Amino acid sequence: MTYTQADKNRLRWRSRRGLLELDLVFELFLEHDFDQLTPAELDVYQDLLMLPDIDLLELVDGKTDTTDDRLVPILTRLRHWQVAKKQ
Amino acid sequence: MANVAKRQFDAVIVGAGGAGMRAALQLSEAGLKTAVLSKVFPTRSHTVAAQGGISASLGNVQEDKWEWHMYDTVKGSDWLGDQDAIEFMCKTAPEAVIELEHFGMPFDRVESGRIYQRPFGGHTANFGEKPVQRACAAADRTGHALLHTLYQRNVRANTQFFVEWMALDLIRDADGDVVGVTALEMETGEVYVLHAKAVLFATGGAGRIYAASTNAFINTGDGLGMCARAGIPLEDMEFWQFHPTGVAGAGVLITEGVRGEGGILLNGNGERFMERYAPTLKDLAPRDFVSRCMALEVLEGRGAGKNKDHVLLKLDHLGPEVINHRLPSIREIAIKFAGVDPIKEPIPVIPTTHYQMGGIPTNYLGEVMVPKGDNPEVRVNGFYAAGECACASVHGANRLGTNSLLDLVVFGKSAGDSMIDFIKRERPVHKPLPENAADYSLSRIARLENQTGGEEVNDVRSAMQKTIQLRAGVFRNSENMALGVKEIAEVAERAKRTQIKDKSKVWNTARIEALELDNLIEAAVATMIAADARKESRGAHSHDDFQKRDDDNWMKHSLFFSHDRHLDYKPVHTKPLTVDYIPPKERTF
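For the protein sequence lines, the chains are A and B, in the order given.
For the first sequence, the residue numbers in this note's numbering are 1 to 87.
For the second sequence, the residue numbers in this note's numbering are 1 to 589.
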């Protein structure tokens with residue numbers, strides 16, 4: 001699908017999760033990566049956000065791997081945000 | 001308000017975590033038309049973060065009695081908990097947990113098929129004699145399992161979910177009765193009036209008022225803000241539970257096991273400061289004591305980092321073997337959230353806020369109770385609260401682990417039952433809405449739209465978080481808190497002038513965050529003023545100038561009123577429902 005600014009804002013809001021660990025990773029992702037996503041990547045991101053928080057955290061932490069190949073590029077980007085700003 | 005759309009329900013519930021969904025289930029199953037509003041999809045509520053379990057004296061693994069659970073909870077509360085509410089919760093716990101099991105919640109089991117129970121800090125057998133296994137868990141996903149179970153049951157019971165809706169304000173009529181809420185639909189940006197016979201707040205805590213918090217970003221105390229603006233006082237807001245070692249700047253917790261394995265705390269000068277405060281136990285002193293020492297080091301200018309705002313948790317002397325084998329997830333957390341590899345460098349840590357003991361004043365029936373004339377507790381007709389946003393008060397000055405999930409289901413259900421009863425007996429038809437029901441919310445939004453030369457939301461939120469962290473954190477003294485009262489008042493003034501650049505209507509996250517800040521700031525001011533006023537140390541409120549608990553003068557609940565920022569107090573309930581009063585004792589462990 002094509003994404004209007006409102007659609008993108010919807011995905012930004014849905015990146016707010018029930019777990020702080022995810023909020024912190026998504027915050028960096030939204031700041032640095034999100035606006036570069038293609039419509040096809042946004043489709044995948046939308047699907048990724050449908051996952052339960054606990055499963056999503058394990059994927060983002062790299063504790064589990066996905067069998068869905070489409071998710072891999074986005075997960076790679078999310079996993080990249082492993083280093084918080086140094087104090 | 002001709003152009004504001006209205007919808008009518010028997011019951012409106014704000015918040016779809018454990019408490020909100022448990023209440024909704026009760027109402028929907030009773031055939032009442034029930035709406036649940038949630039900022040996020042229900043199963044992404046912060047309840048999902050609860051891992052430890054839910055306590056109940058089932059006695060499946062070891063002998064247990066609800067009276068012992070009650071004793072532990074009263075003692076844990078440092079005698080600020082209301083003993084009628086505590087009795088109700090502990091006595092009801094076994095049936096509440098078995099009910100969840102019948103709903104399909106996948107608890108861990110013992111061989112006989114009964115629910116397995118694990119030990120948890122503060123829970124004992126025979127009135128403090130020895131630890132008892134009382135916590136029921138679904139692996140480390142108890143909160144997740146609870147949310148999913150309750151969501152499924154609600155879908156089956158035809159609860160109407162309004163997902164990605166944010167409640168804005170409570171609607172009270174001329175009698176002070178609650179007749180609904182205003183709410184913002186994020187997808188359209190439209191404001192609605194939701195007209196109800198009864199309203200329940202189950203909006204969770206306001207942990208984001210602190211700079212260092214384990215809470216998810218959604219925990220902005222929306223229910224507290226709405227109450228404060230509508231003239232409902234906030235109870236015991238000075239009581240917040242802290243963990244000593246959250247990653248500085250992130251909030252993610254580093255388990256205490258790290259210090260058990262030999263990790264030590266250093267200040268900015270590289271000094272092992274705990275040797276000074278606790279020569280024997282050193283870094284293994286109790287959690288609240290370590291937290292206070294850490295905060296004191298920072299306050300006295302011996303913090304680490306360029307802002308000298310944290311201390312360091314050193315592990316590298318343990319060697320890569322121990323770290324990789326015994327603490328692998330800690331290494332991961334440190335790398336990810338602190339940007340340091342603990343094999344080589346220490347982890348920046350800071351005492352971190354975890355749980356709000358205070359909140360909207362309720363009784364054990366979930367009814368919101370406020371002072372009127374000489375009576376400290378008069379029911380607000382049509383208004384209920386449950387969960388972390390509410391103060392029943394079962395946790396008093398300090399919450400026991402695993403009592404939070406229990407609080408959600410026991411008081412969620414109890415509030416649901418009270419609402420059913422109220423609707424049937426006292427409010428069979430809707431009370432009319434006041435003429436101007438949405439005007440106040442619309443004016444708040446209009447102010448935000450039209451503000452020029454104002455303040456950035458992020459700047460004001462940061463200033464608030466910094467103030468509360470520094471002045472109402474684990475280390476509290478008169479001088480510091482007096483400064484905090486002055487500073488938070490200044491921040492609150494700035495919060496009245498927030499502005500947003502994005503004026504779009506649909507999915508305007510900047511506007512939502514500005515509205516959330518309005519709620520946070522109410523909780524922050526209440527916390528600061530109530531903390532400054534309490535001249536004793538009790539539970540999580542540890543006052544350096546008044547280091548003892550003072551039952552003669554301070555065994556009472558604080559009530560903060562936002563409109564003129566005054567405090568009132570009301571007595572602790574010392575009369576349990578059926579058993580004898582548990583009199584105060586020195587709290588030693």
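No lab work stands behind these hints: they were computed from the structure.
These figures come from a predicted structure and were not determined experimentally.
For each residue, glycine too, the CB sits at the ideal point set by N, CA and C.
One or more hints might be untrue.
As the list claims (entries may be wrong) - What follows is a set of in silico ranges between Cβ atoms, one per label pair, in the way DEER data are often shown: (1) His-102(B) to Asp-69(A): 37 to 47 Å; (2) Glu-31(A) to Lys-466(B): 42 to 52 Å; (3) Pro-432(B) to Thr-64(A): 49 to 59 Å.
These are the hints, each one checked on the structure:
no. : hint                                : result
1   : His-102(B) to Asp-69(A): 37 to 47 Å : holds, 40 Å
2   : Glu-31(A) to Lys-466(B): 42 to 52 Å : violated, 21 Å
3   : Pro-432(B) to Thr-64(A): 49 to 59 Å : holds, 54 Å
Checked against the numbered hints above, the structure violates only hint 2.
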